[in-house]
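*Asks:* Residue strings, one per chain:
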Amino acid sequence: MSHAAAELKMTTAPAPRTRPNTGGRSSDALPAATLVQWLRDMMLIREFENRCAQAYQQAKIGGFCHLYTGQEAAAVGTIAATNPDDPIVTAYRDHGHALARGMDPGACMAEMFGKATGCAKGKGGSMHMFDKPHWLFGGHGIVGAQTALGTGLAFAARYEWEVLKRPLANPGVTGATPAKKKVCLTYLGDGALNQGVLHESMNLAGLWDIPVIYIVENNGYSMGTAIARGTTMAHDLTKKAEAYGMRGEIIDGFDVIDLYDAFKPLVDWCRENQKPAFVDLKTYRYLGHSMSDPQKYRTKDEVEQFKSKDSIDRMAHVLMNERKNKDSTPVLSEQAFTDLQTSIKEQVRHAMEFAENSPVPDASELHTDVYLNPMPNLSPTAEYRHGAKNPLL
Amino acid sequence: MPRTEAMIKQGLTLVDAINEALYQEMERDTRVVCLGEDVGLNGGVFRVTEGLQKVFGPERVIDTPLSESGIMGTSIGLAMAGMRPVPEIQFEGFLGPAFDQLVNHAARYRNRSRGSITVPMTVRVPWGGGIHAPELHSDSPEAIYAHTPGLKVVIPSTPYDAKGLLLSAIRDPDPVVFFEPKRVYRSHREQIPEEAYTIPIGEAKVVAEGTDVTIVSWGACVHTCNEALDHLPEDVSAELIDLRTISPLDAEAIVRSVEKTGRCVVVHEAPKTAGFGAEIATIVQERSFLHLKAPVQRVAGFDVMMPYYKLEGQYLPDAKRVEEAVMQCLAY
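Those sequence lines, one after another, are chains U and B. Counting from 0, one number per residue, gives the positions in the first sequence under numbering that gives the first Met the number 0. Counting from 0, one number per residue, gives the positions in the second sequence under numbering that gives the first Met the number 0.
Next comes chain U alone, as it looks inside the complex (with noise of 0.2 Å):
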């Protein structure tokens, strides 16, 4: 296929699924809150990169911000397939899969800011968002590096419940007994495919019947390329799969429902058979790959067409029309949604204000948490900090 055969493919939409009324789909069990509250984390994450974008802007977030815009049914939809235990961990777009996972908006908001009420203490900033005790193990900011830490963290899960019968002492982190079957979600994105380090992990993974699902948030472009111009096989990533010898499945991330319901069944089959597997999730990113993106490489065209199947416009379509309550009213009515979009605008606001009105750290911190016990005669001490006078001089 020919570069420009290739970009072609990539630049045409997906046409939209209609979904196949058969029945025994996982989220046919799943009461109409479940679905409520996808719908509302997908509406806050959006809502948050607005304010995120903004707040970029006005130079109160510095380093660089990655915005999740438009991929919100990817994290809202695998993560809701997971339990709250399972651990997860990413690449540096986010916030979304941090909010997701139910990272209080607030922290998240105000470690952008650099503020020491931020989940790692203004610390990290947009790449890396960590809250254990929800088990995200991080944002990172290495591309594909990630997957290598991913696939240990599932092989300790597996270790834990075969070898250990007992789960890990963790400090910080709850629900974790007695030890049991465990999934472990790496994300990462279509530009990591060609990181040597995720080929060694799906090696690793695939050798050692790990318990990781590599879920490749395939929005068809790696920063300013698209898929096709980087990616070998780009038209059937499942292939990469194939030679780890794990299974892959190509999903649908534009619908939250379609998604879950093609998800859920593999991670179900992940933890009870302990294998690993591989998702090329297909979803699109509206904004830039960061805030500074000419966006030279798609037309404003394209980005239409994926708004036109926009996945928070289709659930509240579907909730507010096809589903319906035992009496035929719809699961979501117009007063609902209209609360739901107030509720979340309020919350979000409320998070700009927390991070705005929060403390930065003291700058003591920068000594903090290079090692556990302060470390005689390294730099982070009092005795080497900046303009300490040398007693001979």
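Honestly, the hints are just simulated from the structure, not real lab data. Careful, some of the hints might be misleading.
Pair by pair, the computed Cβ-Cβ distance ranges are [to be verified]:
no., chain 1, residue 1, chain 2, residue 2, range
1, U, Gly229, B, Arg46, 32 to 38 Å
2, B, His131, U, Gly229, 40 to 46 Å
3, B, Asp62, U, Asn193, 23 to 29 Å
From the derived model, a few chain U residues whose C-beta atoms are all more than 12 Å from chain B [as the list claims (entries may be wrong)]:
no., residue
4, Ala28
5, Lys122
6, Gly138
7, Gln145
8, Val196
9, Pro293
10, Asp312
11, Glu364
Covered stretches of chain U, as calculated for chain B (at least 3 residues, CB under 8 Å) [stated by the list, open to error]:
no., region
12, 123-131
13, 148-160
Here the structure is a predicted model, which means the values were calculated and not measured. C-beta atoms are modelled at their ideal positions from N, C-alpha and C, and glycine is treated no differently.
We have chain U already, so just place chain B on it with the hints.
*Replies:* Relative to chain U, chain B alone:
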């Protein structure tokens, strides 16, 4: 592994001591696993993990594919989850493929997550030259890792220190790079306690006491320095310090000694420029300037790649070079 007849009679080599430490710690703590290339069935390229897989099973002594980045990254994930992984990277040169995982992630997780997620991992790495191996199998890259906040760098030179320091490293709450001097693996035997014991990370050892000059070294070079001591004129009283750990560094031990002797010679295998000797020389001038009777001398590898074995002896500091540096220092 339990001691053999030979070990009981003649003492333990560095290899034996490390093996004994691993055996005892794996027995004590089921969170400890060893993983690496050929560490299981084959007992490791230098046979350091010999016999462990038979005792603890393939689920705890794990043969990996040739995937340094995957080994390191998986170990980090294990440690983050609360295990105590001890990955082996076969040769120090093979840290290259794992560098991102070690330096960008293992070292930084505690800080990045502000203490909520930590990496209690001990990376065992056969290190240094002198066994007739080519470059990448004979290098001394310790300064690179000492320059990485968040990592600890331990380099024992004797069986006794190797056992005690390895046990400390595995129990340490932070990632430790444990460099094992290949040249010493089987060159010395020593009677060491059979029961488990620890040696604090970050404490230097005075190998020989003296009053005229301080020689600072670590790893296999400590033995080179010891040899040099025998060749010095009888009226020269040299103090020899084995750092044992270069990060954190026991600067107090160096300063204390230099303030007594007024002279300092640093000896290491790594290339001279930006080697860890430069850090020591700087600390000495920062803290003991007024006590110095001569400039600090460095005896080091040259600023070249580690040569193939026929020229190895030309590259590595030998007793003669150490002796010359000491005498120059004294004659200043």
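*Asks:* Could you tell me which of the numbered hints above are not met by this structure, giving the numbers in increasing order?
*Replies:* 1, 5, 6, 7, 8, 11
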